[in-house]
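Asks: Letter by letter, the chains look like this.
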Amino acid sequence: MDKILVGLKRVVDYNVRVRVKSDGSGVETDGVKMSINPFDEIALEEALRIKESGGANEVVVVSVGTSEAQQQLRTGLAMGADRAILIATDDAPDVLSCARALHEIVNREDPGLVIVGKQAIDDDNSQTGQMLAALWGRPQATCASKIELDGDKAIVTREVDIGIEKIEVDLPAVVTADLRLNEPRYVKLPDIMKAKKKPLDEIAFAELGVDPGPQIAHSSYEPPSERAKGVMVDDVQGLVTALKDKGLL
Amino acid sequence: MSRILVIAEHDGSTLNASIAKTVACAAQIENAEIDVLVLADTAAPIATEAASLASVSRVLTIENAANAHSLAALLAPQIVAAAQNYTHVFGPSTTFGKDLMPRVAALLGVNQISDIMSVAGSHEFKRPIYAGNVVVTLNAPADVIVVATVRTASYKAVETGNSAPIESITVDADLPTHTRFLEAQAGSSDRPDLQTAASVVAGGRALGSVENFDLIYALADKLGAGVGATRAAVDAGYVANELQVGQTGKIIAPDLYIAIGISGAIQHVTGIKDAGTIVAINKDEEAPIFEVADIGLAGDLFTIVPELTEALG
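If you're matching them up, the sequences are chains F and V in order.
Each residue of the first sequence is one higher than the one before, starting from 1 at the first, in my numbering.
Each residue of the second sequence is one higher than the one before, starting from 1001 at the first, in my numbering.
Any given hint could be a false lead.
What the hints assert, rightly or not - Chain V regions said to be covered by chain F (calculated; three or more residues, Cβ under 8 Å):
(1) 1024-1037
(2) 1154-1162
(3) 1180-1193
Said to hold, decoys possible - Stretch by stretch, here's where chain V covers chain F in the computed footprint (C-beta under 8 Å, at least three residues):
(4) 47-61
(5) 69-82
(6) 116-124
(7) 193-201
(8) 232-241
If you're looking for bench data, these hints aren't it; they were derived computationally from the structure.
Just so it is clear, CB atoms sit at the ideal spot from N, CA and C, and this is done for glycine as well.
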């Protein structure tokens, strides 16, 4: 195929334990380390491997976000993507709006395959790929642990609740990456230097003419309820007694 | 009044246990009429099970050979057609529901709410974000259909004993041929299902090998428990992917969860927060798993677990 499009979302880093703002209006992101959503990184790695094995000519990374998301797109370019597109907005568009914006980019770029992460680790929604596939009227293969391209088709192995499922989809299609699809490469310093010269186009979100659709309001944020403090026992006998006391044995 | 359509997950012959919990969530909405929609090749056995669930008003069936396997691209347009007179469409937040419901929502031109953990009103819901570190309250617009998945671990299954009427319906929907089911490989196990087991024994990276995981199986079998694992244990190849518990695996709520050699990363803990009793066995007394455990035992799992299995005689 000619082109693979990969979605990259800028999110709070995996290792950061986020806190709710004291007024409950959101989560604290000031001064917090930001990264590419780990599942999107896996999506990009898969696209790069397909290109490196001769399955595609170009890998384009795209993000919806503020100008700060350029950092994550540059990291994507350093990993090996050829070109980046930032759909720039200072707002935080909802998932449907993002999917509609990505659909606009898909219409312009005409990729043979779109790969995104199966979920973003900030809002844990797991929706963008499926919504894009619906709007585009194309197949979706979510939670992929293996992608085998075969001409104008792909066989995708999916991690599902019962185990493994294989489906065949006609291309173009949307695939969402699960954890065990691959292990993303580390970026090397020379690649970071090279990435600075690669094209990064910015398109204003507003220019895409996306209908924002009906909005869901996020009215308040709170920390989860904590579990009550437990007890430590000294040995197996103590554990058995404690379980019996709770009526669990 | 709210009219709620619950999409039935099934394996072709039996209703998935997540549906009784999804109905329980729907029943939290006041003055709601709840219908269950079964899309299948042969719907009868599944529909009969769905009709037995308390709070269900009607079971609707759409029989089509194309519905033999649950492919989102084929199911979604049929659900859109069937959902026209409903205020809400709910599915479970299993891999089935998470695959399907966003596609339904996008076709309906609305956003989708993932993982409802509590209902505050017909259009007000709470859900976890950031691996359960934060709970957000969402207010959906009242003038459009609500499409959502339900975090089943937050709900107890509704009772059975009902006998709601079953109606076969037909819908006008174009089914695409671009997506085809090839095969499914279910994990082979006689043990209770991880998502519905009353007790679960789970192991982490500290088990160290496939062979050592036998310690987990032996204890689980003694308790009649299901088996779970951390992402690290699955990544290391000790067990199959369907046993993964946590943010990106299964969210479970057994009465008893025994975490063995599990440090307690937030991404794992979010998958067990609703367990009745959490037991932790770990060498490191400072491991975060002890912060959420009801009963903790610090020590070497390779000594403790065989001893515990023996003690349960």
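Asks: Hint by hint, note whether the structure agrees.
Replies: Status of the hints after comparison with the structure:
| no. | hint | verdict |
| --- | --- | --- |
| 1 | 1024-1037 | violated (count 0) |
| 2 | 1154-1162 | violated (count 0) |
| 3 | 1180-1193 | holds (count 8) |
| 4 | 47-61 | violated (count 0) |
| 5 | 69-82 | violated (count 0) |
| 6 | 116-124 | holds (count 6) |
| 7 | 193-201 | violated (count 0) |
| 8 | 232-241 | holds (count 9) |
In this structure, the earlier hints numbered 1, 2, 4, 5, 7 are contradicted, and the remaining ones agree with it.
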